[in-house]
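**Student:** Each chain, letter by letter, is given below.
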Amino acid sequence: MTISTLLIANRGEIAVRVIRAARKLGIKTVQAHSSADADMLAVREADEAVEIGPPQPARSYLNGEAVIKAALQSGADAIHPGYGFLSENAGFAESVANAGLVFVGPDAATIRMMGDKSEARKRAQAAGVPIVEGFDASGDDALEQAGKTGFPVMIKASAGGGGRGIRIVDNANDFKTQAAEASSEAQAAFGDGTIYVEKFIPAARHIEVQILGDGRNVVHCGERECSLQRRRQKVWEEAPSTALNSETRKKLCDCAVALARSVNYKGAGTIEYLYDGRTEEFYFIEMNTRIQVEHPVTEMVTGLDLVAEMIRIAGGADLSVGQDDITFNGNALEVRINAEDPANDFMPFPGVVSGLRIPSGDGVRFDHTLFENYAVPPFYDSLLGKLVIHGENRRQALERLEKALAVLKIDGLPCTAPLFSALLRETDVRENAVHTEWLEQWLVNNSGKIIKESEVSA
Amino acid sequence: MAHEVKSHLPGTFYRRPSPDEPPFKEVGDSVAEGDVIGIVEVMKSFHHVKATAAGKVSAFKVENEEIVSAGQTLMEIEE
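Protein sequences, first through last, are from chains F and C. Residues 0 to 457 in numbering that gives the first Met the number 0 are what the first sequence spells out, letter by letter. Residues 0 to 78 in numbering that gives the first Met the number 0 are what the second sequence spells out, letter by letter.
Treat the hints loosely; a few may be bogus.
[Claimed, not checked] Sample of chain C residues facing chain F (criterion: CB under 7 angstroms; computed from the structure):
| hint | residue |
| --- | --- |
| 1 | PRO9 |
| 2 | SER17 |
| 3 | VAL41 |
| 4 | MET42 |
| 5 | LYS43 |
| 6 | GLY70 |
| 7 | THR72 |
| 8 | LEU73 |
Simulated from the structure, these hints should not be mistaken for laboratory data. In this text, a Cβ means the ideal position worked out from N, Cα and C, and glycines have one as well.
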């Protein structure tokens, strides 16, 4: 079936992004929103809007029943979950299907399989994808096993995600207390105290591969590097990764395709790896069964519209491209503009946008949720927009990013733009000599280099 | 005159450290200056609210999980 009306069960910049992709495909859009988001940009841009609940996410964007009811009442035949919220909730995907609606994403069984870390690892291993040595630490022999794996190790919540609650343990002495704490934290946060322990790879890079599947064929759209992270949240992403040689790149991408093909993957997905530059080894972390925040860097280098493609696939269409049709051109960078004050320990900062100046020009794209006098609500994540830059090479992309950041102006509240202006002055960043711990280490001694916009002389 | 403890941030107010735990403070409890009396969630980050005076909790002005604005009174302390 072809989708004729799409309900967007998300908010912020990704909701706007989905609406634009749907419109391009001639699909009518219905924006679901909480009462706090009645005036957001996506509501203004959609053909229709439906309120699904009060501001608290648990009572609106996470309320699957309310979302499905809104879709049925508005005559939508499909639901796009965006990222976060219900996007990787297998039970929700199932309910959507049971209601006779199309879920824009893989089926519930695939989401469930990939959402279960140990199941996903088994699948990866079976498809020939390298994995980091690790084990479920529920048994009494956890300490012994950790010793065998070799310290340092990383402890994660089996049910967790988004990097929350991860601990790194250097020695056997600390292991027991840290494991117990991690387990009770996991119990409180996810209702499941199961923890997972794996070998920790120091100075690793985060490299991920975008794939698209239609349930029959799978293609990759190259890799993205997202090593610059704070509190395990990505802040800067790019494509391609300059850390890979072409042989390693091919292996990474082929492995991603093999895994996706082994589960007859349908939709857009991302296979995440840790990459050890010293050994050129890569290790599967997880597969995300949704569109990712940083998808635009892939679009900038391939010319694909990933969101439109996932909607087409959900509607029953075949992939519009084969692997040989996907070519790579230049370098793309993305920086996340969050409503946080980078000069004040990234304190989140809801408020009213009193003035706005958006950069444009060759290779400049700004995916955002802003307009003048928009009141950024305190109830959701702080992402305001993503500044995405393309250049013929990385050097040109860096230059264009610097210029675009100088133009970008969001008055009324602090944002993370000054962080990126400061990072652009760092040799390690300019040369991409970074790893997933680099930014946190840099912030310890260099946050004074982040100059507030008000301090920049005009 | 009761001392008012205000929220310094807008967001969602929680009286408990987590949904399964008892509230930080109940009416009638004694508090010391600096005691954590609640949490305000703003943009998915959690910030402790601390008592700004010592005394006895005389009233809560907002419920658990209620939406608060910056500067809103959360609790009153009888000094």
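**Student:** For each hint, tell me whether it holds in the structure or not.
**Tutor:** Results for each hint:
{"no.": "1", "hint": "PRO9", "in the structure": "holds (4 angstroms)"}
{"no.": "2", "hint": "SER17", "in the structure": "holds (5 angstroms)"}
{"no.": "3", "hint": "VAL41", "in the structure": "holds (5 angstroms)"}
{"no.": "4", "hint": "MET42", "in the structure": "holds (4 angstroms)"}
{"no.": "5", "hint": "LYS43", "in the structure": "holds (5 angstroms)"}
{"no.": "6", "hint": "GLY70", "in the structure": "violated (13 angstroms)"}
{"no.": "7", "hint": "THR72", "in the structure": "violated (17 angstroms)"}
{"no.": "8", "hint": "LEU73", "in the structure": "violated (15 angstroms)"}
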